[in-house]
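Chains A and B are the protein sequences, given in the same order. Just so we're aligned, residue 1 is where the first sequence starts under the working numbering, counting upward by one. Just so we're aligned, residue 1001 is where the second sequence starts under the working numbering, counting upward by one.
Calculated from the structure, these hints are not laboratory results. Every value quoted in this text rests on a predicted model; they were computed, and no experiment measured them. Treat each hint with caution, since some may be false.
Just a sample of chain B residues kept apart from chain A, beta carbon distances all over 10 angstroms, derived [what the hints assert, rightly or not]:
id: 1; residue: Phe-1010
id: 2; residue: Leu-1013
id: 3; residue: Ala-1015
id: 4; residue: Asp-1018
id: 5; residue: Arg-1032
id: 6; residue: Leu-1053
id: 7; residue: Gln-1058
id: 8; residue: Leu-1061
id: 9; residue: Pro-1062
id: 10; residue: Ser-1064
id: 11; residue: Phe-1065
id: 12; residue: Met-1066
id: 13; residue: Trp-1179
id: 14; residue: Glu-1188
id: 15; residue: Val-1196
id: 16; residue: His-1204
Derived contacts from chain B toward chain A, CB cut-off under 8 angstroms, selection only [said to hold, decoys possible]:
id: 17; residue: Glu-1011
id: 18; residue: Ala-1056
id: 19; residue: Leu-1067
Each pair of labels, with its calculated beta carbon distance range [what the hints assert, rightly or not]:
id: 20; chain 1: A; residue 1: Gln-85; chain 2: B; residue 2: Ile-1096; range: 41 to 47 angstroms
id: 21; chain 1: B; residue 1: Asn-1183; chain 2: A; residue 2: Pro-164; range: 20 to 26 angstroms
id: 22; chain 1: B; residue 1: Gln-1058; chain 2: A; residue 2: Asn-57; range: 47 to 53 angstroms
C-beta: ideal position from N, C-alpha, C; glycine also.
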Amino acid sequence: MNEEQLIQAAQSGDLDAFNRLVITYQGLAYNVAYRLLGDDAGAQDATQEAFISAYRNLRSYKGGSFKAWLLRIVTNGSYDELRRQKRRPQTPLEPEPLDGEDAPDPSWMADPGESPEELAERVELNAAIQRCLNQLEEEFRTAVVLIDVQGMEYGEVAEIVKRPLGTVKSRLARARSRMQECLQGFAELLPDKFRLTGNP
Amino acid sequence: MNASIAPRDFELLSAHLDGQLAPADTQALLARLGAEPHLREALQRLTQLRSLLRRAPQRRLPRSFMLTPQQAGQRSGVAAWSGFNFASAIAALTLIFVLATDFTVNGLPAIPTARSAEPLLMMAEAPQAESYATDSAPSGGAANPADSTLFESTPADETSLADEIPTLKEPPAPTLTAWVAYNAPVLEALLASLAVIAGLLAWHHRRR
């Protein structure tokens, strides 16, 4: 069955068909939620809630990009989760790691054949990126996460955020400008090859 | 870092980097890039940034997010319960009140509403009938035989009196129940309207 047929079957109540769609998109959905929230537990909750909400509201899907429809639910759910966290801040039992990573074990980032030094560099880079993302306003963060981190097209993102293409372009430019400024503040922490320097 | 670049120029560079500029704008920007080194430098930094962000590692899935039948079922149950909000409760209570009122006044919900006015008519006739009974009925059985002739009546009259006596002895009091019975059609229409409005509000709330 192709995606359209899976959607139709799921709309008729076929949970297996819906779960095949979940398998296709769960990696993307979870990573988007993680980048928007910067927190693993919150990202898991937001992703699970998004899929449950998508299943319940599948009849409201009227065609078009299913990926965009689903990611809209994920982004909205992620920001709802962020607002919930702000309303009920939780004090961690252990001190927050200095690099801002919620998981002390960075093994999830390890590539086979990667040296410990390379892994350490990537951990630092990842932490710096996440800290800078966390400082952006919601609309700018969404643009840079979807287009630059996830490599999505402008048109898809416009559909997700339900804004004109021009607005997406403008938001992305401002987000990139702020990310540049923020990452410059981490220049000393970053390996040379990741430093943002111009060659006049 | 971007102090030397105007926001509009930065936006042009950003869109150009992703191939999102119109051909005419691209030509104009390329001409400027050839003449303005600070624009070239800004574009180079922007290219580095995009490359950096694209290299940001993707997290491995911590678990599967497939829905179990329980999850799907339980959630819809929860949603249905949460939809049973204040407006739904009002609608249900109003309906129960309408049915209960109808039942206590008329005995059965299906009794036509026209009959609900009967008790009031009986109540209006009751005082007259009662005075007739009091005035005309002798006290006890020690009646004057002469007077007894006054009470001689045809079998037909006896029958009509007998029919009237039970009604005359238990006249309905002018109570709230009687008032409700009199106004039953209006009250039912009012409460049914309230139930419909509350139901619509609940439906609207759930759709949101």
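Each hint, compared with the structure:
no. : hint                                       : verdict
1   : Phe-1010                                   : violated, 5 angstroms
2   : Leu-1013                                   : violated, 8 angstroms
3   : Ala-1015                                   : violated, 5 angstroms
4   : Asp-1018                                   : violated, 7 angstroms
5   : Arg-1032                                   : holds, 16 angstroms
6   : Leu-1053                                   : violated, 4 angstroms
7   : Gln-1058                                   : violated, 5 angstroms
8   : Leu-1061                                   : violated, 6 angstroms
9   : Pro-1062                                   : violated, 6 angstroms
10  : Ser-1064                                   : violated, 7 angstroms
11  : Phe-1065                                   : violated, 5 angstroms
12  : Met-1066                                   : violated, 4 angstroms
13  : Trp-1179                                   : holds, 48 angstroms
14  : Glu-1188                                   : holds, 36 angstroms
15  : Val-1196                                   : holds, 25 angstroms
16  : His-1204                                   : holds, 15 angstroms
17  : Glu-1011                                   : holds, 4 angstroms
18  : Ala-1056                                   : holds, 5 angstroms
19  : Leu-1067                                   : holds, 6 angstroms
20  : Gln-85/A x Ile-1096/B: 41 to 47 angstroms  : holds, 42 angstroms
21  : Asn-1183/B x Pro-164/A: 20 to 26 angstroms : violated, 59 angstroms
22  : Gln-1058/B x Asn-57/A: 47 to 53 angstroms  : violated, 27 angstroms
In summary, the structure is inconsistent with hints 1, 2, 3, 4, 6, 7, 8, 9, 10, 11, 12, 21 and 22 from the numbered list given earlier, while agreeing with the others.
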